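The whole structure should be built from the sequences, with the hints applied where relevant.
Just so we're aligned, residue 3 is where the sequence shown starts under our numbering, counting upward by one.
Hints in this document: simulated from the structure, not taken from any laboratory.
The structure displayed is predicted, hence computed values, not measured ones.
Among these hints, one or two may not hold up.
Each computed DSS-like pair below joins lysine-lysine, with the alpha-carbon atoms no more than 30 Å apart [what the hints assert, rightly or not]:
#1 K215 x K137
#2 K462 x K292
#3 K6 x K112
#4 K194 x K60
#5 K89 x K182
#6 K459 x K292
#7 K112 x K172
#8 K215 x K172
#9 K3 x K167
#10 K292 x K137
#11 K3 x K71
#12 K167 x K215
#13 K137 x K172
#14 K182 x K112
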Amino acid sequence: KPEKTSVWPGNLKRYRLEDGRVVDSNGNSALDTETGYVRESAKSFWTDGEPDGPDVRKGGAVGELSDRKLIIGNANGNGSYTLDADKLEEMDAEDFGIPNNNAVPAFNTKEEVYQALLTLWGDPMHAEPLLVNYKVDEDGDDADDQVNYVFVATNGGMLHAIDTKDGTEKFAFMPDEMLKKAYDLVRSPPLKENNIRSLYGMDGSWVAYRTAKANGDADDVYIYGGMRRGGSNYYALDVSDINNPSLKWRIRGGWADESSTANADGGFSRLGQTWSTPTLTHVRVGDAIKPVLVFGGGYDPEGHDTAGSRPGQDSLGNAVYMVEAVSGDRLWSIGSDDATTQVADMKWAVPGAITVVDLNFDGLADYLYFGDMGGQIFRVNLNNTAGGDSDVVEGVVRLATFGGTGTSNHRRFYEAPAIGYSRNGLRETLYVAIGSGYRAHPLDTNTEEGFFVVADKNFKSSEQQTPVALGDLPRVNGANPPSLDGSGDGWRVDFDRNGEKVMSSPTIAEGTVMFTTYVPTTADEDPDPCVVRYGNAYAYRAGLTTGDARSFTNDGSVPGDGGGDDDDGDDGDDGDDGDGGDGGGDGGGGGSGG
Numbered sequence: 003k004p005e006k007t008s009v010w011p012g013n014l015k016r017y018r019l020e021d022g023r024v025v026d027s028n029g030n031s032a033l034d035t036e037t038g039y040v041r042e043s044a045k046s047f048w049t050d051g052e053p054d055g056p057d058v059r060k061g062g063a064v065g066e067l068s069d070r071k072l073i074i075g076n077a078n079g080n081g082s083y084t085l086d087a088d089k090l091e092e093m094d095a096e097d098f099g100i101p102n103n104n105a106v107p108a109f110n111t112k113e114e115v116y117q118a119l120l121t122l123w124g125d126p127m128h129a130e131p132l133l134v135n136y137k138v139d140e141d142g143d144d145a146d147d148q149v150n151y152v153f154v155a156t157n158g159g160m161l162h163a164i165d166t167k168d169g170t171e172k173f174a175f176m177p178d179e180m181l182k183k184a185y186d187l188v189r190s191p192p193l194k195e196n197n198i199r200s201l202y203g204m205d206g207s208w209v210a211y212r213t214a215k216a217n218g219d220a221d222d223v224y225i226y227g228g229m230r231r232g233g234s235n236y237y238a239l240d241v242s243d244i245n246n247p248s249l250k251w252r253i254r255g256g257w258a259d260e261s262s263t264a265n266a267d268g269g270f271s272r273l274g275q276t277w278s279t280p281t282l283t284h285v286r287v288g289d290a291i292k293p294v295l296v297f298g299g300g301y302d303p304e305g306h307d308t309a310g311s312r313p314g315q316d317s318l319g320n321a322v323y324m325v326e327a328v329s330g331d332r333l334w335s336i337g338s339d340d341a342t343t344q345v346a347d348m349k350w351a352v353p354g355a356i357t358v359v360d361l362n363f364d365g366l367a368d369y370l371y372f373g374d375m376g377g378q379i380f381r382v383n384l385n386n387t388a389g390g391d392s393d394v395v396e397g398v399v400r401l402a403t404f405g406g407t408g409t410s411n412h413r414r415f416y417e418a419p420a421i422g423y424s425r426n427g428l429r430e431t432l433y434v435a436i437g438s439g440y441r442a443h444p445l446d447t448n449t450e451e452g453f454f455v456v457a458d459k460n461f462k463s464s465e466q467q468t469p470v471a472l473g474d475l476p477r478v479n480g481a482n483p484p485s486l487d488g489s490g491d492g493w494r495v496d497f498d499r500n501g502e503k504v505m506s507s508p509t510i511a512e513g514t515v516m517f518t519t520y521v522p523t524t525a526d527e528d529p530d531p532c533v534v535r536y537g538n539a540y541a542y543r544a545g546l547t548t549g550d551a552r553s554f555t556n557d558g559s560v561p562g563d564g565g566g567d568d569d570d571g572d573d574g575d576d577g578d579d580g581d582g583g584d585g586g587g588d589g590g591g592g593g594s595g596g
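As structure tokens, this is what we get:
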């Protein structure tokens, strides 16, 4: 729930999907079809007593919280400790970030801040919940007879582990870097000028590495996540025993906010704000198959928070890293400098996830694809016959460049591309689908954003060829769309609506590509900065290789071929301003973001 301070209340609630409907614990429809919001009469699972409806503060995991087990990352290395009354005695006010002078009376002692931490539930603005199965049922088809836990990070500076049966919290993990900001997290400082949030916590999404016993139950469970706007670190937690979690390793990046000093680990000096959700995959080095994490170098707020400007090169984030999942050791990295593979064209930050392609389904990564904040697309060719770590990368190719000088050409790729495969005789092609959109300023109307599908016909070669440019892709929407046969470099959609932009990754299925867009409007402006400014959402569906318009059905099926309705799809319900907005627009729920 947006507020006029910098830490907003959040929650995690459970509903059920039944016959295509989202239903509550009473089996009634949970969503109001007119507004898109949760019905006032809806009662989520885990909620005791009266219906909790759309109220963030009621029901859900918040309503089940009691006797929180607060795990703190250890500043002196790996591992962790439980923060309890005994441990509190060994600590001082400085450990909780309490200032020496003029601390607010409600939180001017370590005891008061500690008590507030035991009930704090911040907003999971950008973090997607991660569900992990720990125990399968005997028959394999009864979800209620399983043991599952869901993990979600919030801007309260914590990662919460929730039992899906009853919503109780098993533990909350708080890095020591966040504990040093505990005073600010619990008092929730006011917004800065222009309704910008002054504080972020753990706002990134996490992924899991799970091994199984012979009966299918979980054996080792490790989870990994970053901080997004909260910082430049990645963390690995060992949650194999849900009752005894511990910090397995951490990676420190090079970004520092106003209240901290950057102290990057060796080889990670270009790691910015950790926006990139790690991708778990495997590579072969010598005779060993290694589970690894691949992630982008992150976000550079200095280069992209100011609306209308973009530097010629970012100071942080313009890198891609691969680390061993178990140890956290860097296997290799690519970037313009301080990298095992130097790529001069990698000038801009990579905040999105990295897309992994396993072409022959042997469980090993063959290719990586990613976009950057300069409108460029890259491919990394991997060598799974490498004798050593330094030989894993066979080559890096700049596949396309769709950015340029001038505000209208400042296209940025915040999200991971989707990859499709096509074979015609002996000719194989990988299609790279990605959309641009100024996510830090969702109300921007100056940039001419677009959606792009690039036909990568030479993906098996690591030799650099001339990158695909904007003019090489025919526009498939408009008055007279071309008829394509898939033999060209791909296709593009130019948006005609003022300010239309892509805010998420596309999906490829059944030979078609689907994506959504957001269009800001001023019709619903409200003088209250905490009232959401509405816009419009649109859905697109087109043939992957030809870009021809395809129809949507509303019966849950996705046909392999469709009719020729308007290529911008159906009008969606009114939506909010993108993902809640970042950068200059963060905070307040309106204005330049949400």
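A quick look at each hint next to the structure:
1. K215 x K137: holds (10 Å)
2. K462 x K292: holds (23 Å)
3. K6 x K112: It holds: about 25 Å lies between the C-alpha atoms, which stays within 30 Å.
4. K194 x K60: holds (28 Å)
5. K89 x K182: holds (15 Å)
6. K459 x K292: Answer holds: K459 to K292 is near 29 Å, not above 30 Å.
7. K112 x K172: Satisfied, since the Cα-Cα distance of roughly 24 Å is no more than 30 Å.
8. K215 x K172: holds (23 Å)
9. K3 x K167: At roughly 25 Å apart (the allowed maximum being 30 Å), K167 and K3 satisfy the hint.
10. K292 x K137: The hint holds at about 25 Å.
11. K3 x K71: Given pair K3, K71 holds - Cα atoms ~25 Å apart, limit 30 Å.
12. K167 x K215: holds (22 Å)
13. K137 x K172: With Cα atoms ~16 Å apart, K137 and K172 stay inside 30 Å; holds.
14. K182 x K112: It holds: about 11 Å lies between the C-alpha atoms, which stays within 30 Å.
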